[in-house]
Amino acid sequence: MSGDRRSKMGSSFTDQPISDATELSIVRRLWAYLRPYKGMFLASLLLLPLITTVDLLQPYLLQVAIDQYLIPKNLDGFGWLVAGFAGCVLLQAALQFAQVWVMQTAGQRALRDLRQDAFEHVQSLSVSFFQRQPLGRLMARLTTDIESLQEALASGMVTMIGDLITLSAIVVILLVKDWRFALASFVIVPFLLAVTAVIRHFMRKAFREVRAKIARLYSHLQESVTGMPVIQLYVRERVSAEEYRGINADYRDANFMAIRFDALLYAVVETVGSVTVGVIIWYGSGAVMRDVVTLGVLVAFIEYMQKFFIPIRDLAQKYNFLQSALVASERVFELLDEDERLPETTTPNHCPPSRCTSCSKDVSFVLAG
Amino acid sequence: MVNTFVAYVIALNKMIPLDWRLTLVCLGPFPVILMLSRIIVRALFHQTKVVQTQLSTLSSRVQENLSGVAVVRAYVMQAREEAKFSELNDAFVGANIKLITLRGALQATMTLLAGIGTLGVLFVGANRVIDGTLTLGQFVEFNGYVVALAFPTIGLGWVFSVWNRGIAAFDRVFEVLNAPVDIADLEDAQPLPKPDGPRGHIALRNVDFSYVPDTPTLRNINMDIPAGSKVAIVGKTGSGKTTVARLMCRLWDPDRGTVEIDGVPFTKLSLRETRSEIGVVPQDPFLFSMSIGDNVRFGLDALEDDPSLRRAVPTTSLFSDAVVSQETRIDEALEIAGMAGELSSFSAGLETLVGERGVTLSGGQKQRVTIARALVMDPRILILDDALASVDTQTETAILDHLDRIMSGRTSVIITHRFNALARVDKIFVMDEGQVVEVGTHDELLRAGGIYAELCERQKLQEELEA
Numbered sequence: 001m002s003g004d005r006r007s008k009m010g011s012s013f014t015d016q017p018i019s020d021a022t023e024l025s026i027v028r029r030l031w032a033y034l035r036p037y038k039g040m041f042l043a044s045l046l047l048l049p050l051i052t053t054v055d056l057l058q059p060y061l062l063q064v065a066i067d068q069y070l071i072p073k074n075l076d077g078f079g080w081l082v083a084g085f086a087g088c089v090l091l092q093a094a095l096q097f098a099q100v101w102v103m104q105t106a107g108q109r110a111l112r113d114l115r116q117d118a119f120e121h122v123q124s125l126s127v128s129f130f131q132r133q134p135l136g137r138l139m140a141r142l143t144t145d146i147e148s149l150q151e152a153l154a155s156g157m158v159t160m161i162g163d164l165i166t167l168s169a170i171v172v173i174l175l176v177k178d179w180r181f182a183l184a185s186f187v188i189v190p191f192l193l194a195v196t197a198v199i200r201h202f203m204r205k206a207f208r209e210v211r212a213k214i215a216r217l218y219s220h221l222q223e224s225v226t227g228m229p230v231i232q233l234y235v236r237e238r239v240s241a242e243e244y245r246g247i248n249a250d251y252r253d254a255n256f257m258a259i260r261f262d263a264l265l266y267a268v269v270e271t272v273g274s275v276t277v278g279v280i281i282w283y284g285s286g287a288v289m290r291d292v293v294t295l296g297v298l299v300a301f302i303e304y305m306q307k308f309f310i311p312i313r314d315l316a317q318k319y320n321f322l323q324s325a326l327v328a329s330e331r332v333f334e335l336l337d338e339d340e341r342l343p344e345t346t347t348p349n350h351c352p353p354s355r356c357t358s359c360s361k362d363v364s365f366v367l368a369g
Numbered sequence: 001m002v003n004t005f006v007a008y009v010i011a012l013n014k015m016i017p018l019d020w021r022l023t024l025v026c027l028g029p030f031p032v033i034l035m036l037s038r039i040i041v042r043a044l045f046h047q048t049k050v051v052q053t054q055l056s057t058l059s060s061r062v063q064e065n066l067s068g069v070a071v072v073r074a075y076v077m078q079a080r081e082e083a084k085f086s087e088l089n090d091a092f093v094g095a096n097i098k099l100i101t102l103r104g105a106l107q108a109t110m111t112l113l114a115g116i117g118t119l120g121v122l123f124v125g126a127n128r129v130i131d132g133t134l135t136l137g138q139f140v141e142f143n144g145y146v147v148a149l150a151f152p153t154i155g156l157g158w159v160f161s162v163w164n165r166g167i168a169a170f171d172r173v174f175e176v177l178n179a180p181v182d183i184a185d186l187e188d189a190q191p192l193p194k195p196d197g198p199r200g201h202i203a204l205r206n207v208d209f210s211y212v213p214d215t216p217t218l219r220n221i222n223m224d225i226p227a228g229s230k231v232a233i234v235g236k237t238g239s240g241k242t243t244v245a246r247l248m249c250r251l252w253d254p255d256r257g258t259v260e261i262d263g264v265p266f267t268k269l270s271l272r273e274t275r276s277e278i279g280v281v282p283q284d285p286f287l288f289s290m291s292i293g294d295n296v297r298f299g300l301d302a303l304e305d306d307p308s309l310r311r312a313v314p315t316t317s318l319f320s321d322a323v324v325s326q327e328t329r330i331d332e333a334l335e336i337a338g339m340a341g342e343l344s345s346f347s348a349g350l351e352t353l354v355g356e357r358g359v360t361l362s363g364g365q366k367q368r369v370t371i372a373r374a375l376v377m378d379p380r381i382l383i384l385d386d387a388l389a390s391v392d393t394q395t396e397t398a399i400l401d402h403l404d405r406i407m408s409g410r411t412s413v414i415i416t417h418r419f420n421a422l423a424r425v426d427k428i429f430v431m432d433e434g435q436v437v438e439v440g441t442h443d444e445l446l447r448a449g450g451i452y453a454e455l456c457e458r459q460k461l462q463e464e465l466e467a
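From first to last, the protein sequence lines stand for chains D and X. Residue numbers for the first sequence follow this note's numbering, so the first one is 1 and each next one is one higher. Residue numbers for the second sequence follow this note's numbering, so the first one is 1 and each next one is one higher.
What the hints contain is simulated information worked out from the structure, not anything from laboratory work. Every value quoted in this text rests on a predicted model; they were computed, and no experiment measured them. We put the CB at the ideal spot given by N, CA and C, even for glycine. Treat the hints with care, since some could be wrong.
[Claimed, not checked] As a list, the in silico DSSO-like pairs of lysine-lysine whose alpha-carbon atoms are at most 30 Å apart:
id	chain 1	residue 1	chain 2	residue 2
1	X	Lys194	X	Lys49
2	X	Lys236	X	Lys49
3	D	Lys73	D	Lys307
4	D	Lys318	X	Lys49
5	D	Lys213	D	Lys38
6	D	Lys38	D	Lys205
7	D	Lys213	D	Lys73
8	X	Lys460	X	Lys236
9	X	Lys460	X	Lys427
10	D	Lys307	X	Lys236
11	X	Lys268	D	Lys318
12	D	Lys318	D	Lys307
13	D	Lys213	X	Lys194
14	X	Lys84	D	Lys73
15	X	Lys427	X	Lys268
16	D	Lys73	D	Lys205
17	X	Lys49	X	Lys14
18	D	Lys307	D	Lys205
19	X	Lys194	X	Lys98
20	X	Lys236	D	Lys38
21	D	Lys38	X	Lys460
[Said to hold, decoys possible] Pairwise CB distance ranges, derived in the manner of DEER restraints:
id	chain 1	residue 1	chain 2	residue 2	range
22	X	Val176	D	Phe256	55 to 61 Å
23	X	Pro180	D	Leu336	41 to 47 Å
24	X	Asn220	D	Glu151	24 to 30 Å
25	X	Val176	D	Arg252	39 to 45 Å
26	D	Ala197	X	Gln78	47 to 53 Å
27	D	Arg252	X	Ser308	46 to 52 Å
28	D	Leu50	X	Val9	34 to 40 Å
29	D	Asp76	X	Val162	24 to 30 Å
30	X	Ser56	D	Leu50	36 to 42 Å
31	X	Ala179	D	Ile161	32 to 38 Å
32	D	Gly39	X	Ser67	36 to 42 Å
33	D	Glu151	X	Val323	52 to 58 Å
34	X	Thr215	D	Arg252	18 to 24 Å
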């Protein structure tokens with residue numbers, strides 16, 4: 001061992017590469033945990049199109065207000081329209097609350113079952129399994145990995161479905177309203193999709209890096225805390241702190257990278273959004289002048305397009321959460337598939353009540369080496 | 001936050017000249033809703049803390065279960081463990097659902113905020129358009145502003161929420177950062193004196209110590225361990241032997257009395273410099289998850305890399321005064337610790353990785369690696385806290401023979417409950433219920449016929465029975 005070689009705490013920690021289980025098979029196993037709560041899930045999924053409806057009704061009502069009441073300067077029955085709008089807003093808030101609550105409550109319960117299963121499964125594994133597995137990694141499976149599933153759930157990963165409904169509904173509504181105008185508005189969307197796809201690719205890489213770095217950070221931390229008396233007695237506090245500084249910096253850099261892509265994505269979507277509104281106004285104002293499109297439709301278009309870009313931006317983020325949730329659940333399932341137990345006979349002899357002596361015959365045993 | 005502020009300044013600049021009353025109607029609900037969201041956010045803050053606490057309870061439960069897995073198995077406590085976990089799991093989920101309810105309420109509030117501005121524009125603005133005070137263009141423009149402001153305001157609500165989550169976490173981090181350092185150097189800490197001749201005089205004077213207030217662990221301990229001597233501390237389990245060792249390396253400070261190293265109270269000495277001269281082999285042979293070689297050189301890293309330690313890296317052979325490489329010293333230390341033979345049977349030798357907490361090594365192997373780890377540091381005081389408990393008597397004798405040779409001129413303290421090795425030490429302290437009850441050499445104590453003689457006798461009988 002040369003002088004410049006330093007021992008590194010937790011250096012034997014490597015996270016196993018993720019197996020090639022398909023996303024579909026993971027989702028199928030996750031579904032097994034959701035099944036007991038499928039009523040709740042179904043209910044919350046059914047709420048999604050309703051929410052989209054009341055959300056997308058609002059620009060339409062605005063359009064009606066402008067075209068049928070304000071331009072003719074006739075307010076007969078306008079109160080109904082305002083009441084309808086107010087109803088939509090209230091209903092949207094209420095439905096969103098109900099949807100989130102039902103979905104998350106069901107999700108929490110499913111995760112509770114998963115957590116309990118994982119814990120109970122680990123209880124049945126043989127002690128030799130624990131000798132091979134670093135405690136830190138097992139802890140991560142049982143806590144942080146299930147936590148990241150929970151995070152994904154809390155971030156509204158499932159509302160991706162709602163987002164997709166909203167997006168397609170907007171496309172359809174705009175096409176029906178005025179297909180030429182709609183195509184003009186969407187002209188920039190393919191470009192947006194391409195750019196987000198590229199950024200998303202790099203983001204996924206960056207997030208994987210973040211996960212790897214944090215695992216390293218945790219394992220160092222875990223060893224440091226358990227071995228603290230030894231570190232202090234061997235006056236290694238500062239050397240260990242220095243090591244930690246390096247690992248911490250790596251983790252920070254990985255995060256910087258991820259944040260950079262995140263910000264880039266945000267900026268791109270924002271810019272494209274503004275450009276699109278510009279296009280709508282430029283094309284739309286001409287159309288309004290030529291009386292091809294009413295002013296109300298123009299306003300509605302702008303509102304719809306604004307509603308269009310929010311889910312697009314969020315989709316990328318939610319997709320990331322989905323990815324890390326899949327990775328996390330895969331790890332938990334790997335643990336659940338671990339089947340190392342001491343064999344137990346199906347016809348056990350009972351231990352005689354007294355003079356229970358155990359004697360070993362021809363026993364050989366290898367611990368290491 | 002800044003973004004939101006700028007958006008407001010620009011938008012208000014345009015909106016107020018257009019129609020200040022309409023502005024008031026449209027934006028009036030914003031602060032009210034924000035206030036409402038503040039209240040929810042405060043509840044969220046509280047609930048987040050509850051959830052985080054529940055999570056750490058759950059995690060420590062898992063950690064305890066996993067680290068004690070052998071005990072759990074041996075006592076067939078799986079079912080009880082599972083039930084306990086299930087209880088905590090349910091509580092955690094309950095707290096989470098409460099949190100979800102609050103988050104959902106916050107989100108609903110934000111949705112209301114987004115819609116209510118446009119509602120105001122519709123309701124009041126429409127009348128203005130009809131009576132001609134507002135053109136249709138201005139009406140549209142106005143609505144544009146309200147929508148443009150709604151999103152940053154919602155953002156503001158989220159910022160509050162995230163901010164509060166952060167604060168909740170920050171609070172907990174600060175609990176750690178603010179934890180007082182109770183063992184630290186005095187401002188005028190002295191360097192460890194370097195007397196000529198033997199080094200490593202230890203003295204405990206009138207030492208009282210308790211881990212828990214009012215339950216004394218040590219009472220009025222007096223020990224004088226001359227530099228260069230070899231002493232043993234014996235006594236039944238729970239008599240306070242390990243606590244004495246912990247005080248000797250200042251893992252704890254005594255409640256009363258002093259611990260002196262080479263004539264200076266430990267509390268006045270530079271802590272880290274002094275510790276670097278004390279080699280402790282703890283009862284629990286903790287190894288880090290790195291190679292055996294890295295574990296042995298664990299303390300050398302600090303001497304090489306930490307400029308605050310004014311201690312030269314030892315370079316002489318453990319057996320002689322010859323200058324040798326660190327590799328050689330590590331090999332020597334492993335040899336003295338009686339580990340060299342077994343090490344050569346491992347295919348990776350020194351590079352053999354020790355699983356987390358050294359699980360792939362046997363207890364005795366681990367103990368010997370920890371002894372080597374202490375020896376390479378060239379300590380002036382070596383404390384073996386029951387460090388040979390897991391090796392057989394022959395290996396024990398061999399190790400002690402080696403130690404006799406290399407520890408001349410330094411001090412060794414051997415804590416043990418085995419009596420085979422005690423004939424060779426200069427002085428034995430017998431402890432019972434936190435006090436030193438007998439002091440003397442092996443022969444003196446046997447002649448005295450006290451506790452020591454009795455313990456000795458009992459062990460001899462036991463060995464005969466087992467043989």
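To see whether the hints hold, each was checked on the structure:
1. Restraint check: the Cα-Cα separation between X/Lys194 and X/Lys49 comes to about 52 Å, which exceeds 30 Å; the hinted pair is violated.
2. Restraint check for X/Lys236 and X/Lys49: the C-alpha separation of about 45 Å exceeds 30 Å, so the hint is violated.
3. Between the alpha carbons of D/Lys73 and D/Lys307 the distance comes to roughly 28 Å, so the proposed pair stays at or under 30 Å and holds.
4. For the hint linking D/Lys318 to X/Lys49, the alpha-carbon distance of about 25 Å falls within 30 Å, and the restraint holds.
5. Of the pairs offered as hints, the one joining D/Lys213 and D/Lys38 is violated, with about 36 Å between alpha carbons and a cut-off of 30 Å exceeded.
6. At most 30 Å may separate the alpha-carbon atoms for a hinted pair to count; D/Lys38 and D/Lys205 exceed this at roughly 33 Å.
7. Taking the CA atoms of D/Lys213 and D/Lys73, the gap is near 64 Å; set against the 30 Å cutoff, the hint is violated.
8. With a CA separation close to 15 Å, the supplied pair X/Lys460 and X/Lys236 stays within the 30 Å bound.
9. The hinted pair formed by X/Lys460 and X/Lys427 meets the criterion: a straight-line CA distance of about 21 Å does not exceed 30 Å.
10. For the proposed pair D/Lys307 and X/Lys236, the alpha carbon gap of about 76 Å is over 30 Å, so the pair is violated.
11. For the hint pairing X/Lys268 with D/Lys318, the CA-to-CA distance comes to about 58 Å; that exceeds 30 Å, so the pair is violated.
12. Of the supplied pair hints, the one linking D/Lys318 and D/Lys307 holds, its CA atoms being roughly 17 Å apart against a limit of 30 Å.
13. A hinted pair counts as satisfied when its Cα atoms are at most 30 Å apart, and D/Lys213 with X/Lys194 does not qualify at roughly 45 Å.
14. Straight-line distance between C-alpha atoms of X/Lys84 and D/Lys73 comes to about 70 Å, which puts the hinted pair past the 30 Å bound.
15. A distance of roughly 27 Å separates the Cα atoms of X/Lys427 and X/Lys268; the hinted pair therefore holds under the 30 Å criterion.
16. Straight-line distance between C-alpha atoms of D/Lys73 and D/Lys205 comes to about 57 Å, which puts the hinted pair past the 30 Å bound.
17. Between X/Lys49 and X/Lys14 the alpha-carbon distance is near 43 Å, which puts this suggested pair outside the 30 Å criterion.
18. Between the alpha carbons of D/Lys307 and D/Lys205 the distance comes to roughly 29 Å, so the proposed pair stays at or under 30 Å and holds.
19. A C-alpha spacing of about 64 Å is found between X/Lys194 and X/Lys98, which places the hinted pair above 30 Å, so the restraint is violated.
20. In summary, the hint linking X/Lys236 to D/Lys38 is not supported, as the alpha carbons are separated by about 61 Å, beyond the 30 Å threshold.
21. Simply put, D/Lys38 and X/Lys460 have alpha-carbon atoms about 69 Å apart, too far for the 30 Å limit, and the pair is violated.
22. Take X/Val176 and D/Phe256: their Cβ atoms lie about 25 Å apart, and the range 55 to 61 Å is violated.
23. The given range of 41 to 47 Å is respected by X/Pro180 and D/Leu336, whose C-beta atoms sit roughly 43 Å from each other.
24. A beta carbon spacing of about 56 Å between X/Asn220 and D/Glu151 contradicts the range 24 to 30 Å that was offered as a hint.
25. The hinted window of 39 to 45 Å between X/Val176 and D/Arg252 is violated, with their beta carbons roughly 19 Å apart.
26. A C-beta distance of roughly 48 Å is found between D/Ala197 and X/Gln78, which places it inside the suggested range of 47 to 53 Å.
27. For the pair D/Arg252 and X/Ser308, the beta carbons lie near 25 Å from each other, so the given range of 46 to 52 Å is not met.
28. Between D/Leu50 and X/Val9 the CB atoms are about 38 Å apart, so this pair conforms to the stated range of 34 to 40 Å.
29. For the hinted restraint 24 to 30 Å between D/Asp76 and X/Val162, the CB-CB distance of approximately 47 Å leaves it violated.
30. Remark: the range hint 36 to 42 Å for X/Ser56 to D/Leu50 is upheld by a beta-carbon distance near 39 Å.
31. For the pair X/Ala179 and D/Ile161, the supplied restraint of 32 to 38 Å is violated, since their beta-carbon distance comes to about 46 Å.
32. In this structure the supplied range 36 to 42 Å holds for D/Gly39 paired with X/Ser67, their Cβ-Cβ distance being about 40 Å.
33. With their beta carbons about 57 Å apart, D/Glu151 and X/Val323 fall inside the hinted range of 52 to 58 Å.
34. The beta-carbon spacing between X/Thr215 and D/Arg252, approximately 45 Å, falls outside the hinted interval of 18 to 24 Å.
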